[in-house]
Amino acid sequence: MTVTSYQPGEIQGLIEIDASKCKGCDACQKFCPTNAIEGASGAAHSINKDKCLSCGQCLINCPFGAIKETHSALETVIEKLADKDVKVVGIIAPAVRVAIGEEFGLGSGELVTGKLYGAMNKAGFKIFDCNFAADLTIMEEGSEFIHRLHANVKGEADAGALPQFTSCCPGWVRYLETNYPSLLANLSTAKSPQQMAGTVAKTYGAEVYNMQPEKIFTVAVMPCTSKKLEASRPEFNSAWKYHQQHGANVASYQDVDAVLTTREMAQLLKLLEIDLAHTPEFKGDSLFSEYTGAGTIFGTTGGVMEAALRTAHKVLTGNEMAKLEFEPVRGLAGVKAASVTLFDQQLSQDVTVNVAVVHDMGKNIEPILRDVMAGTSPYHFIEVMNCAGGCVNGGGQPIDGNGSSWIANI
Amino acid sequence: MNNNKHEFAEDSFFISRRKFMAIGSAFLAVMAIPVGWFASKVASRNDYIKSRSAGLYKDDSIAKLRVSHANPAVEKYYKEFGGKPLGHMSHELLHTHFVDRTKLNS
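As you go down the protein sequences, you meet chains V and L in turn. Mapping of the first sequence onto this note's numbering: residues 189 to 598, in sequence order. Mapping of the second sequence onto this note's numbering: residues 7 to 112, in sequence order.
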């Protein structure tokens with residue numbers, strides 16, 4: 189028996205360095221959050237897969253384009269789209285809509301929600317906006333936070349652990365599971381929006397679509413490589429378990445059947461000769477494309493916290509926030525902290541909630557975790573995203589032509 | 007007076023072919039990365055992070071509804087299917103448990 193950081197069935201070694209292209213320049217090591225990249229300067233490097241979070245930061249920043257993913261569902265998805273018996277549901281993450289345009293000649297950061305819906309509709313996908321699931325995540329994770337806060341204020345014996353960490357980012361979750369298992373009680377038990385979306389599409393969605401759940405094929409389109417690993421976690425077949433309990437008897441299927449990165453979705457559309465830049469806008473085909481502004485900002489650092497505070501304010505005080513933009517959690521500082529005092533109707537007293545937002549995790553998280561372990565953390569709620577800037581800069585996003593692979597062409 | 011002794015120690019100059027190649031490659035790699043590459047890389051990265059984030063904040067500011075609890079589709083989900091947040095169905099479908107990965111064996 190050897191020690192491993194993977195459960196059976198999980199995708200291992202997703203990110204790999206091509207030794208024949210690697211020049212040993214060490215650039216990737218500067219972007220790796222876990223020091224998982226091994227090898228002396230000048231010699232070809234390799235990735236320690238047990239330390240690797242599959243975040244893909246090395247891949248998008250390699251100056252020689254020497255780093256690759258070992259798993260792609262592109263061909264499978266194209267086959268499923270051609271299969272008339274299967275309903276292919278495309279789950280679109282927030283950060284995809286402001287980046288995929290770059291692959292079709294549009295400007296950096298251009299918002300293309302309607303065009304992306306249109307292009308994916310043309311390709312044969314049902315549209316399920318992951319922002320709907322992000323709103324659902326706020327309902328669950330926000331309620332969980334308020335529950336923990338109240339239980340702690342009242343001093344209940346089995347009050348949940350504070351601070352509560354967000355659990356949307358699979359790189360962060362895997363980091364905590366691998367390096368700080370004693371803090372797992374602090375992690376919100378809410379699934380990530382991707383996993384909620386897959387589960388809802390195959391349970392409630394099966395009713396909405398009037399389809400047998402095993403004939404629904406869910407494809408998450410993500411700015412993230414680590415989401416592939418997350419979707420492969422063996423416990424993420426809750427829709428199947430639900431239907432088995434309700435009398436079904438079929439072979440197990442995952443909640444999310446396939447994950448395509450933003451780059452791979454662009455590739456798929458190009459293979460099907462769909463030019464996103466010139467596709468008419470489409471509004472969606474079910475209630476699963478309805479989302480709020482709070483759901484869409486999940487894709488950037490501070491967005492989950494801002495969305496959670498908007499809802500927590502309403503639940504605790506009974507009123508909406510006077511100004512929805514919560515500036516202290518916006519921007520690119522490594523750790524952003526803020527304090528909010530509000531009148532809690534249920535407790536009939538003022539409560540002060542201290543929040544923190546961490547991104548570029550490898551460089552910023554350790555001091556925070558040390559404080560939590562020591563019991564001296566001033567915070568109640570902490571958002572963590574692995575990638576600098578959040579999902580907008582995820583390992584599955586289009587690679588910036590000015591900054592990286594250009595050098596390989598010299 | 008000159009008391010220096012000159013010893014011929016050719017062996018100390020010797021490096022193996024393998025080592026020569028390694029040093030040469032390291033040298034080439036350093037030459038290939040212009041000075042300040044990392045700093046300029048981070049600067050250009052921050053540019054596209056900012057433009058993409060601005061795109062999402064724009065999506066938020068133009069949205070008709072801007073708070074999750076006002077999403078009518080979410081309300082419909084709970085009413086027709088999910089019950090209420092943190093309820094039985096949520097526990098079964100929308101929450102999970104985490105894994106202590108220091109205790110896994112293959």
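Treat the hints with care, since some could be wrong.
[What the hints assert, rightly or not] Reference excerpt, derived from the structure (chain V facing chain L, CB under 8 Å, subset only): (1) Gln-195; (2) Ile-199; (3) Gly-212; (4) Gly-306; (5) Ser-331; (6) Thr-499.
Don't read these hints as lab results, they were simulated from the structure. We treat Cβ as the ideally placed atom computed from N, Cα and C, and that holds for glycine.
**Asked** What are the numbers of the hints that this structure violates, sorted from low to high?
**Response** Hints 2, 4 are the ones this structure does not satisfy, whereas the remaining hints hold.
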